[in-house]
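> Sequence:
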Amino acid sequence: MAKDWDGVAAAIRTRMAEIDMTQADLASRAGVALMTVRELQQNLQPRRRNPRTLAAVSEALGWPGDQIARILEGQSVTDVDQDDPVLAELDAVKADLTAIYRRLDAIERRLGTGDEPS
Numbered sequence: 007m008a009k010d011w012d013g014v015a016a017a018i019r020t021r022m023a024e025i026d027m028t029q030a031d032l033a034s035r036a037g038v039a040l041m042t043v044r045e046l047q048q049n050l051q052p053r054r055r056n057p058r059t060l061a062a063v064s065e066a067l068g069w070p071g072d073q074i075a076r077i078l079e080g081q082s083v084t085d086v087d088q089d090d091p092v093l094a095e096l097d098a099v100k101a102d103l104t105a106i107y108r109r110l111d112a113i114e115r116r117l118g119t120g121d122e123p124s
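Start counting the sequence shown at 7; every next residue gets the next number (my numbering).
Hints were generated in silico from the structure; no laboratory data involved. Don't be surprised by glycine CBs; every beta carbon is placed ideally from N, CA and C. Hints should not be assumed to be uniformly reliable.
[Said to hold, decoys possible] Ranges of calculated distance between the beta carbons of each label pair, as one might list FRET restraints:
id	residue 1	residue 2	range
1	71	49	18 to 24 Å
2	58	105	44 to 50 Å
3	91	117	37 to 43 Å
4	115	59	52 to 58 Å
5	13	95	26 to 32 Å
6	23	109	28 to 34 Å
7	59	97	32 to 38 Å
8	35	110	35 to 41 Å
9	92	12	27 to 33 Å
10	8	108	45 to 51 Å
11	37	9	20 to 26 Å
12	40	115	47 to 53 Å
13	39	9	16 to 22 Å
Produce the entire structure from the sequences given, and follow the hints as far as they go.
The following block contains the structure:
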């Protein structure tokens, strides 16, 4: 079976954006060369990689150690954050803040206290 290096690259890019991580951050946390991260993230050199390297990059991204290997093999992977209670709480806080913002905006419009000078 062909290896899904494009899938690995896309998953790494998506995860790095989700957790606001740079290539340098990932390389440092995984203990790998920056070039290795670039090659994986951009699928520049699709070739056999040391399983320890893939595991280190997975774990540095906050994934289980076998996540990249599973993506590479075309296996379905679950969202590792789906049951995180902290993220669920943050979503609730975000919803509350959005509701507060909308209420304040409506009050300002009613009072005519927008950005206009007095």
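> Each hint needs a verdict: does it hold in this structure or not?
Quick rundown of the hints versus the structure:
1. 71 x 49: 18 to 24 Å: holds, 21 Å
2. 58 x 105: 44 to 50 Å: holds, 47 Å
3. 91 x 117: 37 to 43 Å: holds, 39 Å
4. 115 x 59: 52 to 58 Å: For residue 59 against residue 115, whose Cβ atoms are near 56 Å apart, the range 52 to 58 Å holds.
5. 13 x 95: 26 to 32 Å: holds, 31 Å
6. 23 x 109: 28 to 34 Å: Between residue 23 and residue 109, where Cβ atoms are some 31 Å apart, the hint holds.
7. 59 x 97: 32 to 38 Å: Holds: the Cβ-Cβ distance is about 33 Å, inside 32 to 38 Å.
8. 35 x 110: 35 to 41 Å: holds, 39 Å
9. 92 x 12: 27 to 33 Å: Roughly 31 Å apart at Cβ, these two residues keep to the hinted range, so it holds.
10. 8 x 108: 45 to 51 Å: Given about 49 Å between the Cβ atoms, the range holds.
11. 37 x 9: 20 to 26 Å: For residue 37 and residue 9 the Cβ distance comes to about 23 Å; the hint holds.
12. 40 x 115: 47 to 53 Å: holds, 50 Å
13. 39 x 9: 16 to 22 Å: holds, 20 Å
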